[in-house]
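Trainee: Dock chain B against the given chain A, drawing on the hints supplied.
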Amino acid sequence: DAGVTQSPTHLIKTRGQHVTLRCSPISGHKSVSWYQQVLGQGPQFIFQYYEKEERGRGNFPDRFSARQFPNYSSELNVNALLLGDSALYLCASSLAGEKLFFGSGTQLSVL
Amino acid sequence: GQQVMQIPQYQHVQEGEDFTTYCNSSTTLSNIQWYKQRPGGHPVFLIQLVKSGEVKKQKRLTFQFGEAKKNSSLHITATQTTDVGTYFCAGQGGSEKLVFGKGTKLTVNP
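The listed protein sequences derive, respectively, from chains A and B. 111 is the number that our numbering gives the last residue of the first sequence; the numbers go up by one with no jumps. 1110 is the number that our numbering gives the last residue of the second sequence; the numbers go up by one with no jumps.
Here chain A stands alone, though its shape is the one from the complex (with noise of 0.2 Å):
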């Protein structure tokens, strides 16, 4: 079975551009969760998507937004980058939010 897929893995990018990240949950979970994490911390929380719709928002500026789709994928869209966005960017899919499994994640850099 496969896992839980990213892409693009690497992305770069410059200050004020948009970019849209992707993933794709294991077969069966309904439940998307996108987390950043910056060198050296914590994965932090940015939104939980269950059955499409929103379940939970992170403390992240309104320039995060994120959508599901009905086969349960997701994307998650950063428009005007800035250099602090730089980040590994994970996706973790679950039945229902509970034991997650990550991908690989996309290194975002922003120049």
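FYI, nobody ran anything at the bench for these hints, they're computed from the structure. Ideal placement from N, C-alpha and C gives every residue a C-beta, glycine not left out. Please note that the accuracy of each hint is not assured.
[Said to hold, decoys possible] Part of the chain B face toward chain A, derived, beta carbon under 7 Å:
| id | residue |
| --- | --- |
| 1 | H1042 |
| 2 | P1043 |
| 3 | F1045 |
| 4 | Q1048 |
| 5 | F1088 |
| 6 | G1094 |
| 7 | S1095 |
| 8 | E1096 |
| 9 | K1097 |
| 10 | F1100 |
| 11 | K1102 |
| 12 | G1103 |
Mentor: Okay, now just chain B, sitting in the frame of chain A:
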């Protein structure tokens, strides 16, 4: 908001020594989870604790959940080089949000 604090930030041990990391939440938790992240990897689920005072073992790893459901610990007996990585606790309170601590980075000298 809910905060999860983890100590120590770093731990260096000789192979064969024991290792413990501690986790404290600012609020009572419904459950606490532990994850391991190898260098260059992503967090991998280890265990979930739900009950007050719960103790669970996985081979050389022992996990405890405090009586007040606000603290937890992970103890590794006789560390091996394969134990290298960062260990995160993550607490879930009344909401769906899972809040991670900053992690304890374990290095093991052979």
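Trainee: The structure should be examined with respect to each hint, and the outcome stated for every one.
Mentor: Hints versus structure:
no., hint, result
1, H1042, "holds, 4 Å"
2, P1043, "holds, 5 Å"
3, F1045, "holds, 5 Å"
4, Q1048, "holds, 6 Å"
5, F1088, "holds, 5 Å"
6, G1094, "violated, 11 Å"
7, S1095, "holds, 6 Å"
8, E1096, "holds, 4 Å"
9, K1097, "holds, 5 Å"
10, F1100, "holds, 4 Å"
11, K1102, "holds, 5 Å"
12, G1103, "holds, 5 Å"
Consistency with the previously given hints fails for number 6 only.
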